[in-house]
Structures are given as structure tokens and as C-alpha cells.
Amino acid sequence: MALPEDFHFLSVVEMAERIRAREFSCVELMHGMLQRIRTVDPDLHSYIFLAVEESLRAAEKADAMLAAGEQVGPLHGIPIAVKDVINAAGMPTTANSRLLQHWVAKEDATVIARLKAAGAIITGKLNLNEFAWSIPAESDLTPPPRNPWNPAHATIGSSSGSGAAVAAGLCFGSFGTDAGGSIRLPSASCGLIGLKPTHGRISRYGVMGCRTIMDVGPMARNVVDTALLLQVAVGHDAKDPDSLGDSISDYSSALADGLRGLRLGVPWKEIEAAGVNPEMQAAFEAALQGLESLGAEIRTVKPKWLAEARAANFVALNAEEYSAHEHSLCKHPDAYGLSARTYLLQGAFLSSADYLRALRVRAIVSDELDRLLEEVEILITPTSPFLTPDAAREPSAHRRGGGAVFTAPFNLTGYPALSMPCGVSSTGLPMGVQLAGRRLEEARLLQTAARFQEHIGWNRRAAIDFVRRRQDQSVCQETSHC
Amino acid sequence: MSKPSAMTPELLRELAELKGLDLSEELLQKLQPLVTDLLVMADCLKQSEIWKAESGDPLLSEGGKQ
Chain L
1 MALPEDFHFL SVVEMAERIR AREFSCVELM HGMLQRIRTV DPDLHSYIFL AVEESLRAAE
61 KADAMLAAGE QVGPLHGIPI AVKDVINAAG MPTTANSRLL QHWVAKEDAT VIARLKAAGA
121 IITGKLNLNE FAWSIPAESD LTPPPRNPWN PAHATIGSSS GSGAAVAAGL CFGSFGTDAG
181 GSIRLPSASC GLIGLKPTHG RISRYGVMGC RTIMDVGPMA RNVVDTALLL QVAVGHDAKD
241 PDSLGDSISD YSSALADGLR GLRLGVPWKE IEAAGVNPEM QAAFEAALQG LESLGAEIRT
301 VKPKWLAEAR AANFVALNAE EYSAHEHSLC KHPDAYGLSA RTYLLQGAFL SSADYLRALR
361 VRAIVSDELD RLLEEVEILI TPTSPFLTPD AAREPSAHRR GGGAVFTAPF NLTGYPALSM
421 PCGVSSTGLP MGVQLAGRRL EEARLLQTAA RFQEHIGWNR RAAIDFVRRR QDQSVCQETS
481 HC
Chain S
1001 MSKPSAMTPE LLRELAELKG LDLSEELLQK LQPLVTDLLV MADCLKQSEI WKAESGDPLL
1061 SEGGKQ
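So the protein sequences, as listed, match chains L and S.
Per our numbering: the first sequence = residues 1 to 482.
Per our numbering: the second sequence = residues 1001 to 1066.
Think of the hints as simulated: they come from the structure by calculation, not from any bench.
A hint or two may mislead.
[Unchecked claim] Think about it this way: if two alpha-carbon atoms lie no more than 30 Å apart in a straight line, the pair counts; the simulated DSS-like pairs of lysine-lysine are: (1) L/K331 - S/K1030; (2) S/K1046 - L/K269; (3) L/K302 - S/K1052; (4) S/K1046 - S/K1030; (5) L/K269 - L/K302; (6) S/K1019 - L/K331.
Computed from a predicted structure; not experimentally measured.
Bound-form chain S, shown alone:
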């Protein structure tokens, strides 16, 4: 699985504000490495070869038009 770019503290703060979350600097600092790891996991899933094993739906398994 490949590794996407990490979540920066600035991006995390912007995203939290967009979601209406009022988070302290301390909390944002603690969240940043955890959210980075979690989003890396989610992105790795997105890019995984596993979808080639999901047959029957070209949109899901092959991403549509090649």
C-alpha cells in the first residue's frame, strides 16, 4: 500500500472549523498524529489492490473509464 501526504496542523484546524468543532490547541496537537495515521490508513485502502478482487461492478473495481 502506498503512503499519501500527512495531515498538517493547519489543515486539521481548518477541517475542524468547517465541521463546527471548537478544539483547543492542545487537543489539535494530540489529534494531529492520530488523524494523520488514520487518514493514511483510509487512503491506503482507497489505493489498495484489493478492489481488483471486487468483481461485477466496473465502477467499483476498475474506477470506470480506463
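Chain L extracted, bound-state conformation:
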């Protein structure tokens, strides 16, 4: 049987079932995916490195396993790509910087090893803001990815290539990193589910980034795929000092539960202070109504110290980034882009007292969140107040925490947080809602997102709305009536 015309938008779960049923081979799927990437990606720039030979060899091996009747994993033959700060043996890890342009990883990051053990094929490395901490520019090693929903806009970072590639059907799912919102923000702007798990739930061994506040997490087109990717990646790893040994939930089973009695807390004061875009505000309020209609109880909550948590997160981020890059910034300054160099140097001007004070804030805010998360199970906010990266970078917005105003506090505390789609703006850009929960309660976030996604018929509705809007726009332009 030939690949379906829209094979690239099938879910991970459905594609894996079809491969196991041998409706088509892993090699056929890989050829189809590579062809699609070659056709679509020159305009999107989501990939930094495309592993053509390696992917085809892995697909041949995957077909041979099926032919031999071997036991295969839940991701057998599925093309997955990852942010280019995650090491995959034999592939470059550039972090989109000329400093590492020719550096090739000798060993898989733990998350890559686990994906491969589950049968996934790593098709390549995806674009990002240089070292995940800069404003992207056309002069970057790889230019910034465009948003497939509206290519007039760049994709929000820093896991921007992951957002663009998954949304455009250039891989079936991705893993990004998040030290302030870098999984959740691109997921929101690309209409994806993006999960930053509890700190240490997924090993960071073989992944570049701040050790204190950064986590690795999945990005996918639906909740079921997100749960499956999470399940494959979690588990203790002695190579990551922060890796958790706690028992692991069955994330996919939890998706069937309803929302009756679930208490969702809305920090209205924080939302009002953030200057949320009016379309985003309306979509957020509609999402609350939708969740209420599903049986959830919406409560107003008044969390303390969220501004301090944001500030502490950025102090820690800048101090740790400068610490990591201090030597290279002095020795090879010209190997960095101007923006990355500027961003990474900021931390040089902080004191050790500033950094240690930021870490003390973490304990206090965690206590406060623990108290708040006894009143409600989940805190809910817009993922970002803004729809585009440019709006988030306006000086007044930047001072309030920019696009990360709602996301960064959960990096500092290490609590799990997820972005789920809640609609599409008039400019064709998806919008997202953030759900943040208790430590290790990823299953509850996924369950809530699953019910909501089902309620709004996200996959179907988003596509139809998007096409209709585009058609309306072209009719307006043709008739000049608008």
C-alpha cells in the first residue's frame, strides 16, 4: 500500500500502528519524509542538519526487524527530530553557532538513546536561537525558522525549529529544551502540545543548557503523541545528578479520565498586569468557559512572589550561561553572533550574591506554590501574552518578563507545565494556554489537555479555520471589499 497523501500529519500512534501492520515499510515512510523535508524546508529553515544516510540505514534495519518478526518498540520506524543542543552520536551538535559548527557528538544523549530504544529514527537536528539565548538573525549559522502557520512571522524560540518542523509535518514529534519557556512558547505559536516536565523527570545528560532550571521535553501535534513521547523518555539516569528516581505514571492510561471536580486556578491579577494581547485574552477566556463546561471548577487565585520567581529565573539563567561560556567568549568572541555574544555576556555583571539569592527564591516560591496547589490542582494562564516574538521584545514588554512572563516561574521551581492550543488569531497564528501543576503530576496536565483538545476539536477545527481564513483573505483581496 502506498503512503497516504497526508501521511506527514498522521499521529505518531496511528503511524506506528500502520508500520507494525506493514501497510507500508519504514523505508517508504522515510523516503516520503525526506522528500517532504527537501520540498518544504528550504522556505522554513527548521532543520540545521538532515541525517539522510543515517535515517535510511536505520529505516532498512527497522524493516528487517519487522520482517524477522522481532519485538519492536512503540516508536518503531517513526521519524523524530530534536533541537540541536541534544547530542546524537555521529551527528553535529551546533546549537546554531559557528563556535560549534564542526563539532560532532560521539555519544547519544540519554533521551536520544531512549528514543532509539523505542524504535524512533532520528532524522536530524532542528534550528534554535543561537545557544538558546539570543535574538535570531538572518546572519545566523542557520537563519531563523518561519512559522508554518504564517511564514511572514518567525517562529518563537528557542526550540523554534522543533515548533516549525512538527507543525509543518517534517517529523512526527520533537524534543526541545526549556529554561524559561522555550518548549511551551514555540508550541503555543505553532499549535502544538509542548510539555516541560518536572525538573529531572527526563535526563539532561548529553544536552546543553543551564543545569539548574533547564529541562528536556516533548513537542507533538496532539496529546496522545505527547504522552507517548514522554513515557519513552522518562526514567532515572545516574549520569544526570538531578535525575529523579520516583515511580513513573502510565501517562497514556490517564488520558481517559474526565475533568469533573478538577479545580483550575486563574491568577487574574498577574494576567491583567501582563498586558495580554486582546485576541489572546479572548481565546483564554473562551478556554476557561470550555473547561468549565467539561466539569472543571474555575477559581481565582492570588499567588505570591511570581514576579520574584521570574526575576530569579532570569538571574540564574544569565549567571549560568555566562559561567558556561566565559572561556569561549574570551577566546573565540567572533565565533558567536552579535546577539548571542551580547545575551551571554549579561551574566558577567551579576555578583555571586545575586545568583545565590536567586536560588534562595526558588525554595520560597516552591513552598508558596505547594500551598496554592492544595487549593487547586492546576494553575492556568495564557502561555504568552504576545502572539509574535517582536511584540514580546518591545522594551516595556521585555521589562515585564517578555513572552516568558507566565512560563519562567515554573522553570525556577521545576514544576511541570504544558502549553496546549486554544485557537488561531486573525493573523493565522495559533495561541496557547499554559497548565502548570504539582510536582510529578504530568499525567493530570495531559489528561486536562486531552479533554480540552477533544472539546474544541483542535486538529480538525484548526485546519478548517485556517484554510477558511486564508480563503476569506484572498476573496477580500480579489474583490477589494475589505
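Use these hints to put chain S onto chain L, whose structure you have.
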């Protein structure tokens, strides 16, 4: 949270030299607003009421002798 005074370009240049950083004028100009915002954040943290919630250590929570 209160707002402390901003980092001036001259102070930034002096601090960079003290730290052994050889920064161009272009880079210093780009750094100045970012570092100002970052130090404002760090100073706001220092002056925040949050420390009253940190109990058990009078030096940390109350600043020692009142």
C-alpha cells in the same frame, strides 16, 4: 518591588575592564540596556518583601541588627 538606578555606559565599560572583558563600543551599546534591566531585576530581588517569608535565619530574613 522598587527600582534602583540604571547602569550607565561609563560604569559598564569600567566594570567590563575590571573583569578583563575586551568589549567593542558596539557591544557595550547593545549590552547597556540588557544589563540595566538584569541588574534592576537582581536589585529588586534583593529589596523584595519575599525575604520576610524566609524564616529561621535572622541574618537572611531580617538583615541582622535592626
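Practice problem: Quick one: which hint numbers does this structure break? Sort them smallest to largest. | Solution: none
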